[in-house]
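Generate the whole structure from the sequences, applying the supplied hints.
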Amino acid sequence: MNARTQSAVAFSPRRIAAMILRYWYLLRSSWPRLVELIYWPTVQMITWGFLQLYVMQNGGLFARAAGTFIGAVLLWDILFRGQLGFSISFLEEMWSRNIGNLMMSPLRPFEFVTALMVMSVVRLLIGAVPVTLLAIVFFGFNLYGLGLALVAFFINLMLTSWAVGIFVSGLVLRNGLGAENFAWSIMFLFMPLTCVYYPVTTLPVWLQPAAWVLPPTYVFEGMRALLIEHTFRPELMLYALALNAVFFAGGLFGFLRLLQSARRHGSLMQTGE
Amino acid sequence: MPASPAIKVERLVKVYKQFPAVDGVSFSIAPGSITGLLGGNGAGKTTTIATIMGLITPTSGRVTVLGAEMPRERYRVLHRMNFESPYVEMPMRLTIRQNLTVFGMLYGVAGLADRIEQLGAALDLTDLLDRPTGKLSAGQKTRVSLAKSLINSPELLLLDEPTASLDPDTADWVRARLQRYCRDHHATVLLASHNMAEVERMCERVIIMKQGRIEDDDTPARLLARYGRRTLEEVFLDVARRRDEEREAAL
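Same order as they appear, the protein sequences are chains A and B.
Heads up: the first sequence at position 261 corresponds to 261 in my numbering, and the numbers run straight through without jumps.
Each position in the second sequence, counted from 1, maps to that position plus 273 in my numbering.
Simulated from the structure, these hints should not be mistaken for lab results.
Just to be clear, a hint being listed does not mean it is correct.
[As the list claims (entries may be wrong)] Going by beta-carbon spacing under 7 Å, a handful of chain A positions derived as facing chain B:
(1) N101
(2) M104
(3) G266
All C-beta atoms in this analysis are idealised placements derived from N, C-alpha and C, irrespective of residue type, glycine included.
Written as C-alpha cells, this is what we have:
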C-alpha cells in the first residue's frame, strides 16, 4: 500500500463523528427536513395499502399475494430512501458551498463516505419506523413479522443504496450541481428491473439476466417467497450479498476516480451548475 | 542553515482544456512571513492558491507545502494549515458555535470548547456564537470564516480576499488581528487580494501575477522605488498595462 492509499483510508472516528454531528445539527434545525422524511413514505404506503385491499377483495387469484404490495413498497422505500438519505446529506454540502471547506480539511474520503452512510440509516429510521407502525395500524401489515429475514433484506438493500449513493456523489463532485438530478432519479432505473411488485418471470426472457445482476432483485424475490410461500430462501440473500460486494467496490472506485478527476479539472472550487 | 520554505512552487503549470491558467510559476515562501499575491481577474491567483491547498492537481510542476508534496501527500499537512476564501461558505443553518465545533473536530483541536470561546472573544463574536450563521451580516460572516480558518491555530494560512465584503473600519480591525496572530504564532500567510492598501500594509513581499505568470516579485518598498511610484496601486497598474503596451507595439 503506498503513502497515498494509506492516507486515503486512514480512519478517525472523531472526524466521522464531526460529520454526523454536522448533519444532526442540520436536521434538528429544520422541521421541514424532518417532515419530508416521513411524508412521502406515508403517502406511498397508504396508496399501495388501499390498492392491496382492493385487489384482495376483488381478485381471488391475487388474494394469495396478501401483503406483498405493502411489503414491496416498504422494502422499496428502504432502497430508495437509503440512497436519497446518502445523496441529500452530500448535496447539503454542495448547496451550502461547504464542500471546499471539507475537501481542504483533514477529512478523508472514506470518513466522509462513512458519515454519509450512517446518516442515510438515521434519516431512513426517522422516516421508516413511523410508517411501518402506521402499516400495522391501517392495514394490519407487520413488517417486523418478517423476523430475521427482514434483517437480511435491510442489509442488502442498504448496501445497494450506499453503492449507488457513493457513485452519484462522485458524479456531482465532478460535474457540479448540474448532475444533481441523478441523485433523485437514478434509483428509478432499478425499479422495473429489480421486479419490486412482480416476479422476475414476468419480464421477457431476454431481460431476465439483467434483473439477476441487480442485488435488490434477490431481496424482492425473497420477500415474495416469504409472504406467499412462507419460505425463507437464504441462498437468494447470499447471492445478493456477493453482488452487493461488487456494487459497493464499484461505487467506491467510481467515487475516488471522479474525485481525482474533479481535482484535475478544478471542479472542487466551482461547485455550481 | 536557512529554514526550509513553508511553500515551494516549482514551474507550476495548470492547463484547463487548451487554456493555461497558470503558466510556469515558481516561488518560495519563508516560514513566518506574510506574502501578497496580486493580480487582476484571471491572473491565476486562485488556481495557484487552490493548487497549494491540494484542491487542484497541477498539469506539471511541483508544489511542496510544509515539506509535503501537494496534492499527493496532503493528509500529512492539512491539519497544520487552513484557509479562507469567498468561494466557500459556512453552513448557514448551523450556529457559529456548531460550525466551529464541527470544524474543530475535523481538525482534531484539543480543548475545543475553550478554543471557540477564545476565538469568539478575539474576533468579537462572543454574543453571536449561538446565532445561525445565515442570519449574520456579511462582515460577521467574514469574521466567522476567519474564526474557522484559525480554529486549528494553523502554521500556514491561505487567505483569498479576506476583507472583500467588509467596511473600512472592520477590514482594518480584521487586518490588525491577522497580523497579531501571525506575530504571536510565527505563522506563514499567503494573501491574495485586490486591495493594494491592504497588501502594502500587511505584506513584507508582493508577487504580482498576470495571465498565469509572475510579472514581478519584491518587497513593497523596493517595488515602489523601482517603479518610481507612491502606491502599490500605481505599481500594479503599471504592470497590468505594460504587457498591453508591449502587445500593441508588437502589432
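Outcome of the hint check:
Interface restraint check for N101 of chain A: the shortest CB-CB distance to chain B comes to about 5 Å, inside 7 Å, so the restraint holds. Given the 7 Å rule on beta carbons, the hint for M104 of chain A holds: about 5 Å separates it from the nearest Cβ of chain B. The closest approach between the C-beta of G266 of chain A and any C-beta of chain B is roughly 5 Å, which is under the 7 Å cut-off, so the hint is satisfied.
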